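Undergrad: Take a look at the letters that make up each chain.
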Amino acid sequence: MEKSKKALLGEENVGAGAFFEALLTLLTYIVRMSGIRKNTHCANGRIGHERIASGCLDLTLMTATLSGRGIGHLFGSLTALDGLDLEVGDGRILAIVGPSGCGKSTLLELICGLQEPTTGEIEVGGRSDAPGRLELCAYMPQSDCLLPWYSAIDNAGLALRNLGYSRPKARAESAELFERFGLKDFEDSHPSELSGGMRQRVAFLRTLLSKKDVLLLDEPFAALDAITRAELQEWLLPAMLAEGRTVVLVTHDVEEALYLGDQIAVMSPRPGRFTQLLDCPGHTGRPRSEVVTAPEFTTMRERILGHLTHAPEITVKAGS
Amino acid sequence: MSAVRRWLPPVLLIVALFGLWQIAASSGFMAETLNLEDFLVPSPAQIFEVMWQDRSLISDNALTTAIEIVAGFSVALVVGLLAAALLHLSDLLRRTSYPVIVASQTIPIIVIAPVLVVWFGYGIGPKLAIIALICFFPIAVNTLDGLRSVDADSVKMMRTLYASRWQIFKRVEIPTALPYAFSGAKIAVAVSVIGAVFGEWAGSEKGLGHLMLQDNAQLMTDRLFASVFVLSAIAIALFASIGLLERRVLRWR
Chain A
1 MEKSKKALLG EENVGAGAFF EALLTLLTYI VRMSGIRKNT HCANGRIGHE RIASGCLDLT
61 LMTATLSGRG IGHLFGSLTA LDGLDLEVGD GRILAIVGPS GCGKSTLLEL ICGLQEPTTG
121 EIEVGGRSDA PGRLELCAYM PQSDCLLPWY SAIDNAGLAL RNLGYSRPKA RAESAELFER
181 FGLKDFEDSH PSELSGGMRQ RVAFLRTLLS KKDVLLLDEP FAALDAITRA ELQEWLLPAM
241 LAEGRTVVLV THDVEEALYL GDQIAVMSPR PGRFTQLLDC PGHTGRPRSE VVTAPEFTTM
301 RERILGHLTH APEITVKAGS
Chain B
1001 MSAVRRWLPP VLLIVALFGL WQIAASSGFM AETLNLEDFL VPSPAQIFEV MWQDRSLISD
1061 NALTTAIEIV AGFSVALVVG LLAAALLHLS DLLRRTSYPV IVASQTIPII VIAPVLVVWF
1121 GYGIGPKLAI IALICFFPIA VNTLDGLRSV DADSVKMMRT LYASRWQIFK RVEIPTALPY
1181 AFSGAKIAVA VSVIGAVFGE WAGSEKGLGH LMLQDNAQLM TDRLFASVFV LSAIAIALFA
1241 SIGLLERRVL RWR
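If you read the protein sequences in the order shown, they are chains A and B. Residue 173 in this note's numbering sits at position 173 of the first sequence; the count goes up by one each step and never skips. Residue 1126 in this note's numbering sits at position 126 of the second sequence; the count goes up by one each step and never skips.
Looking at chain B on its own, in the form it has when it is part of the complex:
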């Protein structure tokens, strides 16, 4: 019952949006208003039809993209958490490298992506780098904020209970920072999908971004949207699994 109650509203909303789109597209209203050929404005029904017809092609490419996302996100998670811990433990390091970390986020990914492809080739390398670069920032910054938001009285209390620096870190600071780290991870996973597409657009042999680029060139708008749907589904699935993990880990909340 509670699962139904939780999932019903968003599902209803999506169905309603698709319904509106379906009516607008199949009645020719959208194509007419935009002054376009019908095939350029596919209806959801057509999109799902193409998705089913080309299911092996799409799922094949989706797998490639999903692997890139998971791998890139994992790299960002490890590096982001480590960076946050280091920056928290060392004032000097934080003051020195915080501007660099902020700078890393100002790199225009669209511009840097082709360069990375030139450097690292058409393989998974540049995609990993781009996704990790995008994901790193929210994870590191959120986790660092979490570590720094520790209750000063709790630290004092631990100091009077024989705690070493490491024990304070382990028993007070890490648990305090965990909810922040999860927020960062959720933001990161949502943007990771965009990173993957940028990476594939810059140069790739496979992946949903690669497929989109082809479909766009061939005016296969219906399959383009099919890829977009699948990409969204991947992002939502990843987001939901982090949420699930969060509820498991943060039981005390």
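Chain A with its partners taken away, still in its complex shape:
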């Protein structure tokens, strides 16, 4: 009796071992499968590794031109974007202004290669496929998206870590930028300990550190108060000019667009179209307070604002 029970138990153990082995095999298989399946959408991670693995990762900066023809996008039956053409030259800063909900953020996601447009074509640095664009475009989302479990410097160095840098190496490289951009001594602060303005700075450094040719900034300062926003605009402008990358900046703040951009594109309410393309006053290196109060600047601002708030006429009849 005892013997048979032991034999039974022994067999059971073998059974359990085989079971776990099978489970493990299944597990690795599923992880691999889903990894491959998902990677068709976000192949850039794999490409990043390949760039490193083949030893040809070239992180020296190259700017890239960006162009789009007839970009249109549908969400179901809703037309978000309707036939946009755009052209941004090497190292130029294009600011896009438009009312809320006109599809500005969608446009950035399309340029970035996070999605393909429903119609039309977008080309960045000679690449017109979504994974190719994703490889060249860095995207700074509207909310800072700092990961609360990493310190400021580890957040900034995320791209480097994803490319396979060791943590000390990524930190060393990020630390340089922290010093240069006035974030020294905040390296080891966690996002929850940082002010809104500080968080946006870290988010911008994180975008810079991806070392991509094109920067796409989605209302980077929308969540900040007016004073902090002005302060950060003054901080961002020299940073962008020094980096010399091609930038597309989306905002609903006309002043911000005029101050930061080389050119400004005005978008209509949904379905989004470009209605105007203007040259900005240009970057003179004078303090912001002077720039934004110059007559030329204010005239342009009022003109664009008028254009944006232009609404269909309505007649108001007094009841009799």
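Be a bit skeptical, because a hint or two may be false.
To be verified - List time: in silico DSS-like cross-link candidates among lysine-lysine, alpha-carbon distance up to 25 Å: (1) K211/A x K1156/B; (2) K1170/B x K169/A; (3) K184/A x K211/A; (4) K211/A x K169/A; (5) K211/A x K1170/B; (6) K1170/B x K1186/B.
Just so you know, the hints here were simulated from the structure itself, not pulled from any lab data. As the structure is a computational prediction, the values presented were derived from the model and not from experiment.
Based on the hints, put chain B in the right spot on chain A.
TA: Here is chain B on its own, set in the frame of chain A:
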């Protein structure tokens, strides 16, 4: 000071409850109201006295039960976390097996426990299976919810920063899910004790549940309550250690 402040209120409450019980029991009020013999309604003092007298017997059985709980919970933790990860990574798998997982929780443990004893004998096997079955559900479901609650913008952000699927999982999804997993583990550990007792009642040679069954049959109500106290203490200790680990791991919160 802060430790005192944190622990003082619950300790005071427990002491107060025991005090009330002590008065009600030793004055004969409870036995009279329930129309019972005095020995069937032990006072806390009597219970602690028995606990001390039979300390070796009780601690011996408590050790067996504690081992069952820790082992069963560990199995559930590993399987639960793995299941949550798999179900998160594969839509097909989630749609296929979610109903099965829910079904697993509807099994009436009291009914299935004796069957498991028939299948696996009087050893630790059936207890492990029962505890793991009870603990698995809150861990798996909570962790899966956590994985699915990931911020879509953060994932997009990671995709633009060269992240592979695995790196998104490791750097964004797992940390997001951790607080949920800890909640699941805390619920699981609280119910694991009940699972252990069910398992031992269905058939066992040792353990607090086994001892309770004997004491119940012999109307040794005082020692029965002593076992209950010890069982609660085990659960509270496990719960507290998970809480401690949680505070250590989730420093950013």
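Undergrad: Which hints, by number, does the structure contradict?
TA: none
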